[in-house]
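Undergrad: Here is what each chain is made of, one letter per residue.
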Amino acid sequence: MTTVTWTSDEIMTVTAARSLEDHMSCFVGIGLPSTAANVARRTHAPGLWMVYESGTLGTVPDHLPLSIGDGILADTADTVVSVPEVFNYWLQAGRIDVGFLGAAQIDRYANINTTVIGDYHSPEVRLPGAGGAPEIAASCREVIVIMRHSSRAFVDQVDFVTSVGHGRGKGDRERLGLRGAGPTRVITDLGVLEPDPGTGELVLTGVHPGVEIAQVTEATGWDLRTAENVIGTPAPTDTELSVVRSLTGAR
Amino acid sequence: MTTVTWTSDEIMTVTAARSLEDHMSCFVGIGLPSTAANVARRTHAPGLWMVYESGTLGTVPDHLPLSIGDGILADTADTVVSVPEVFNYWLQAGRIDVGFLGAAQIDRYANINTTVIGDYHSPEVRLPGAGGAPEIAASCREVIVIMRHSSRAFVDQVDFVTSVGHGRGKGDRERLGLRGAGPTRVITDLGVLEPDPGTGELVLTGVHPGVEIAQVTEATGWDLRTAENVIGTPAPTDTELSVVRSLTGAR
Amino acid sequence: MVLPLDEAVRTLVHDGDTVALEGFTHLIPVAAGHEIIRQGLRDLTLVRMTPDIVYDQLIGAGCARKLVFSWGGNPGVGSLHRFRDAVTHGWPLPLQIEEHSHAGMTNRYVAGASGLPFAILRGYSGTDLVGNNPNISTVTCPFSGQEVAAVPAVDPDVTVIHAQRADRSGNVQLWGITGIQKEAALAAERVLVTVEEVVETLDPVPGQVLLPGRIVDAVSVVPGGAAPSYAHGYYERDNSAYKAWDEIGRDREAFNAWLEEQIGAPAAGAT
Amino acid sequence: MVLPLDEAVRTLVHDGDTVALEGFTHLIPVAAGHEIIRQGLRDLTLVRMTPDIVYDQLIGAGCARKLVFSWGGNPGVGSLHRFRDAVTHGWPLPLQIEEHSHAGMTNRYVAGASGLPFAILRGYSGTDLVGNNPNISTVTCPFSGQEVAAVPAVDPDVTVIHAQRADRSGNVQLWGITGIQKEAALAAERVLVTVEEVVETLDPVPGQVLLPGRIVDAVSVVPGGAAPSYAHGYYERDNSAYKAWDEIGRDREAFNAWLEEQIGAPAAGAT
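Note that the protein sequences, when read in sequence, are chains A, B, C and D. What the first sequence shows, in my numbering, is residues 629 to 879, in sequence order. What the second sequence shows, in my numbering, is residues 629 to 879, in sequence order. What the third sequence shows, in my numbering, is residues 609 to 879, in sequence order. What the fourth sequence shows, in my numbering, is residues 609 to 879, in sequence order.
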């Protein structure tokens, strides 16, 4: 008999990876999104078409890049295009199925902040800023957000809207001319949140094995609603775990 | 003792070639302009940087191309760029010193017609159209027009303004936001016309050997003014003629 | 993905479509144009920066309702007589025209490839193209107050190009003068590529454009499919064919004979 | 054309200039940045899509008055502490910031390279970037009525890039991830390129960008000039140096020691 154990980052990564279907095109941010996309490609989605904002289209790195522009991404890509091309001809043109994003703060309506904590003009914490995120959130057919759960990160309203999720609710994306569906899942180390189809508000739809719903609501900075059926995330398989660990260098 | 003779096309080509200085960048149209630019490069301007609208930058063809996109242009270029790049990054950005253009009709103010003879909606003769000319005429630092002289071609007012020369006179280019100086010379098989610095109207400033001023005014469809000093074009040298002939395949 | 040309054209091109066959002097998809004539497609809006002899043939055969272009001629030779006949005499059918400059058409394709409704450029100012084409307008820079030209995106239903090579996944590789093909393909709803050959592996070539297979709907293997234009590294431009076209294109009967004998298509109209 | 780096910087970069050092993760012109610090240039408006450790160093050394950017961080490691210190505490000097998205900055460079006053894109809509940056606006499509974002061109006084190779005429060749370097160079008034080597002949390389010598003002041979970033085909990214910077950058004294010891520049301000 085998006892499989895993870290909370590992189940978050595996759950995110499972959200990707084979042959999808995926705009990959660095960090957790990159790990998850590469896990998907090595498990159930070998035809996943990964695009990094450095212009590497259809890249198949044999190890995780540290940055969005590592040499391995260029060496293994179908083609490398310029930065204007990847943003204008690929992202803006609506050719990308899924954007995989991380965030420092996310709010009730899945708006994302990667700019500042506190006031913009005299910030408490200055974060890196927008990067590709605003247009990834606008133009990909859908967006999946991957971030660790905490009440500092999951807030009622973000301090700065770097990238629009569902604005102040249903209909805002259309009003703003944003063509993709926006964030359809937020995957954390505790579970999964999805926008309520009627209101756009994030509700808890899944928890990872061993996680109590109360833990999640506790770690959320607004009064988190819970779906009628909260699904238990299937445990990572041996294969998934070994792929994650081979990529991250753990164990 | 040698008697040098030449055709009217040959002295036109040689005179046009002499208008180019070494190391200039030149946007080259096909036909007479292409021959003239290639003569310049093989005589006094070996560093002439020729750009064809097909995207070949710094090309040094070993024979005259028949079209603006012959393989020889790509094979011998410093680099080949896409058509958007040659028009946006090179021509529009104002990086080209001289535009070398031909025309079907030109008028008193050096406006150029390559679109239709007669009414646009029921043309007498349908010509190829604009191609690169409107923006070559707008954006090159200066423009040199090369065309055979005739009263059908040199008209008081063109039937259709495909490319703006000096509009309806001095100041029009500035008013229209055209940044280059516009046509500074029109070189024909009879002589040379240049815009009057005060009015922008083309006046006769040069005649080729053996050409009478009356012949030129006769072949011009408006009341052509003559500069105070009409210069006689120096005869083509043996070297120039042999280069022209080696390129055009004549004798 | 890899289909015979007749099947690819039947699947991807329909009556009434807006169709762009691109290739700037180099790699012109002539064989695909001939297949469009052979299949008797009608009412097409034909888009091309430089309509040359294959467009003269499509127009002469009566495939086109409208031509959107910036320079129409037989390069290095002279005029397009079928095009002229359609414009001036409506033979075999009247032809609407929408006329731009190269800079304008280029940026229309760039806007199409970029998913933008329009493009801006410095162009057209002072020309008579402006008054004769409602698809040329201006916008004002919100920062400097400068006025620049605006043209709408071109979004073809189908773009057809010819390339040197493809692999079995439909990745397409072309090099030499690459023109506007990348943008024309990315601007289109559907993409058909004829190629000189399908290879196992697309070894990188300096100056190449690689179109990922996911934007290509069909690849058809048609060696020589760009003739009489050329395919860099494969064959040269057949200048004599361009010159010979002048005589055929000049005459309705000679053209109809060409249609029947060379293309296997019916004559185009009463001469 | 080929000049020692100190002379090239002295000739081309002046106090108060708008300076872009570009290179998207790859080929970052770090050695040139250090030379700018060493020469004590002041009051620069620094432009860069992805300011990372060399911009942290320039800002920490007090070279910059303003930063124009879209993502500022130590890639794969964390934050830029000198940048944070300048923004939140004005050390050693207050730093104005103008913040865009990557798509916006990219198109600002494209507009600069194209000689246009502005660029349009689908972007920014609904974000708080809009209200905090007067250089983000909108224009309306004159054909469809759709509103799109507008950003002004960026036209640096000087762009500095690093490339693999140049020839003696100043033609520059770079490959691998080519990022925004072509546009950044074409947008600038003056261009300085550091290279791994000068060669007699630039043999074509697949995926290359070639910048013609006529747009390049100076080439300086600086082998390793992109380290700790990398030069495709020459050396790898030194990830440990990025990680090590975190500790140095965190502390004003450690940073000043680094300035004095590694760069030979004076300490930046009272710690």
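In short, the hints are calculated from the structure, not lab data. Just so you know, these numbers come straight off a predicted model, no measurement behind them. Any given hint might turn out to be false.
[Said to hold, decoys possible] Here are the in silico distance ranges between beta carbons for each label pair:
(1) C:GLY872 with B:GLY797: 44 to 50 Å
(2) C:TYR843 with A:SER874: 32 to 38 Å
(3) C:VAL829 with B:GLY797: 54 to 60 Å
[Unchecked claim] Now the stretches of chain D that chain B is said to cover, found in silico as 3 or more residues with beta-carbon under 8 Å:
(4) 708-717
(5) 829-843
[Stated by the list, open to error] Chain C regions said to be covered by chain A (calculated; three or more residues, Cβ under 8 Å):
(6) 798-806
(7) 817-829
C-beta: ideal position from N, C-alpha, C; glycine also.
Undergrad: Taking the hints in turn, state whether each one holds.
TA: Results for each hint:
{"no.": "1", "hint": "C:GLY872 with B:GLY797: 44 to 50 Å", "in the structure": "violated (57 Å)"}
{"no.": "2", "hint": "C:TYR843 with A:SER874: 32 to 38 Å", "in the structure": "violated (49 Å)"}
{"no.": "3", "hint": "C:VAL829 with B:GLY797: 54 to 60 Å", "in the structure": "holds (58 Å)"}
{"no.": "4", "hint": "708-717", "in the structure": "violated (count 0)"}
{"no.": "5", "hint": "829-843", "in the structure": "violated (count 0)"}
{"no.": "6", "hint": "798-806", "in the structure": "violated (count 0)"}
{"no.": "7", "hint": "817-829", "in the structure": "holds (count 4)"}
Hint compliance for this structure: hints 1, 2, 4, 5, 6 are broken, all remaining hints hold.
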